[in-house]
Amino acid sequence: MATGISRRSLLKAGATAVGAAAVGATALAGCGKSAATSSEPLQFWNFYTPNPLRTPTSIAQGGWFDTYIADWNKKNKQQVQAVFIPNYTNTNKLQTAFAAGSGPDIFLISPGDFLRYLNGGVLMDLTPFMTKEAIADYLPGALDTRMADGKVYALPMEQEPLAIYYSEKVFEQAHLSEADLPKTWEDLLELAKKLQTPSRYGMVFEPVQGYYQNFTWYPWMWQGGGDAVGPNGQSVFDSKAAIQALQLFQDGVNRGVSPRTPVAAGDLPAGLDKGQAAMWQSGIWNVSDFRLRLPKTKYGIFRLPTPPGGRYATIAGGWAFCANKNGRNPEAAAKFCVEAVGSMSPDSVKRVADWCTVAKSDISPRKSALDLGTARGGYSSPVMKKFKDDIYPGTRGEPRYPPVIYKAISDAIQNTMLAGHKAADEAEIAAASIDAYLKSYEGAKIL
Amino acid sequence: MTTSVAPHVSRTKTVATQGKPGLSRKQREGWAAALFLAPDVIGLTVFVGIPMILSFVLSLFQVSGFGQYDFVGFGNYQRIFADPVFMSSLRTTLIYVFVLVPGGFVVSLLLALLVKQKLPGVGFFRTAYFLPFSISIVVVALIWRFMLDEQVGVVNQFLGWFGIPPQAWLGNPNLALGTAIAVTIWVQMGYYMVILLGGLQDIPLEYYEAARIDGASAWSNFRHITWPLLKPTSFFVLLTSTVAALTGAFDMIYVLTKGGPANSTNVLIFYIYQQAFQYGEYGYAAAIGTFLVVIMLICSTAIFLTTRGGRFSYGD
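Chains A and B, in that order, give the protein sequences.
Quick note, the first sequence lines up with residues 1 to 447 if you use the working numbering.
Quick note, the second sequence lines up with residues 1 to 316 if you use the working numbering.
Pulled out of the complex, with its shape left as it was, chain A reads as follows:
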């Protein structure tokens, strides 16, 4: 039976056993204790500002953060300082910092990471700093994966549903119109075959193993009614829906219409612009990328097609503000997060609308900000209107699966898509792995 001990105890025991190691171990333990006081600025780790790369996108998005931080610092004694973390999602610097006991006071978190930090006991409960009106202002489902036991632990700043982008130029060359847009998976693959050339992929499904690939794959599974974890906390991954979704990615590669490696280094606007891909599954954030970087490129979007007998579904990810419960001034950090994107103050509502329609292109997670953004014309362009009115309805939030579940699903996707394994076999292996994990899982509900 496992015996819980603290990190300090472990280091102490190690020090006794190893002798000289005590010096190093104590020093390590000391790193975990912040010597800072609340008079020092709170550290806000993010991947937007101060960004050394001065691209149109980074200037627009980093500027949004800069404006808010400057405004907060003007009005509050407790100052906040932005810390730019390059390659935030891949470097694991955040996790390493928490493991060393020196996590930042405020940080951005994705749904995929949420449960780990919540179960790790480092997320500050933001509910006491919010009004009931503000909580009720969130659109249905927008807060679900950031809550536990009725408490809010992170505040989403955006919702990013997935659709399929296509190159209008390629469609025109192939004498295709909107009426030819695929409605079913088979239509999608057939159309991809038509648009395929030796230098152009017909349909890009994400090929690189990682959280993002899983994120893009989940809606295909949901469309057939499948899921990874059932309502009673058991694995239901070995379902027909999961198997056919795995098969879809494999069919794309086997028919030669989907790539095995990233197209245009994963840069969708560049890939469509250069004619390296005809269709590409990706999120709403590309709209602002096109607007800021390649405004002359002609592209369109359409809903994810469905399997026979399936029901339309897509997924919405998005980053959220959260505060470190063990930070220097958790209350001030929580207030900073709430005022940023979770308050009913006109500034906060405007800020969310600005982020989702000016600095970036997203669906607002809050009704008030969505209405404001709509009133200001933020969703009036054909693409944004389609995202808001056609693609977003039917959206489910990104699941908050712990790493073991993520990895089991990820291996199943990779092994079917790229190694040619049988989808049914891989679904069964993943289901067994998930079940084994769920038997000993303790923590907040897996959604």
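Among these hints, one or two may not hold up.
[To be verified] Covered, in the sense of this in silico footprint (three residues per stretch, anywhere, with C-beta under 8 Å from a C-beta of chain A), are these stretches of chain B:
{"id": "1", "segment": "26-35"}
{"id": "2", "segment": "221-231"}
{"id": "3", "segment": "270-280"}
[Claimed, not checked] Only pairs whose alpha carbons sit at most 30 Å apart, straight line, appear in this in silico DSS-like list of lysine-lysine:
{"id": "4", "chain 1": "A", "residue 1": "K194", "chain 2": "A", "residue 2": "K422"}
{"id": "5", "chain 1": "B", "residue 1": "K258", "chain 2": "A", "residue 2": "K274"}
{"id": "6", "chain 1": "B", "residue 1": "K258", "chain 2": "A", "residue 2": "K422"}
Just so you know, these hints were derived from the structure itself, not from any lab.
Every residue, glycine too, gets a C-beta built ideally from N, C-alpha and C.
Based on the hints, put chain B in the right spot on chain A.
Okay, now just chain B, sitting in the frame of chain A:
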């Protein structure tokens, strides 16, 4: 009185400069050896020995990544053998080592034999072959990633001239590991070439002259002179390249493939990184790390035994 003191002082000075009374020459040499070794021993103890012990201690715990440690005994070690990805990773590591080490050795030896010749411009070629080793692995891997790109990479464009269809060198599980090995050999061959060249140049020319007089062929020269006399250098190259293959593959794999596709390049050192820094499983990662150390010990011992510790007589 003054005349009686002076000789005494003088005698004391002489003793002091000769060392402590009572220490034999052997003991004094022992002290000197200890003092010379001390910096290395202290450095290895602090930066290698103690972290290894702490890592082993860590492998006995389940670690949350947020300061909570649960003692699980050898639970992490039991988990290793029930983990299909670990077993696949172990298999990948063994293939990686058993292809990379001999392959790299043969290529480096051929290059060393080539650049040992007194040919015009040989200095340029020595430099050119060594150059990849002087570049950061990350930069090398990035450049190769671009060159191996399926759609716009120069490698596929070159092969296209011969009618060979484009290949997903880093996206096909059947090709990715071989590609990573080839790129690694390309990086390392210059370094091992220089070491082997040093070994080749240590072989007395008289042996080759005698063989030439006896009418020996080039192959006989290599078989009966070069190869036996190069064994100590070969031993060093094989040992260091084996350890480098087991522990030094991380940056190349991280940049080239991130362990993919479908875990086909997920060598143990990369799997340890994934477990620790992507999934927060520090205890499990430490257990795999300990396991890797055991593998290294076995490999090193096997090389020591088969080569008798690198001590070779000319008759071997």
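Cross-check of the supplied hints:
1. 26-35: violated (count 0)
2. 221-231: violated (count 0)
3. 270-280: holds (count 4)
4. A/K194 / A/K422: Given that 30 Å is the threshold and the Cα spacing comes to 26 Å, the pair holds.
5. B/K258 / A/K274: 26 Å, holds
6. B/K258 / A/K422: Judged against 30 Å, a Cα distance of about 23 Å means the pair holds.
In terms of the numbered hints stated before, the structure departs from hints 1, 2, listed from lowest to highest.
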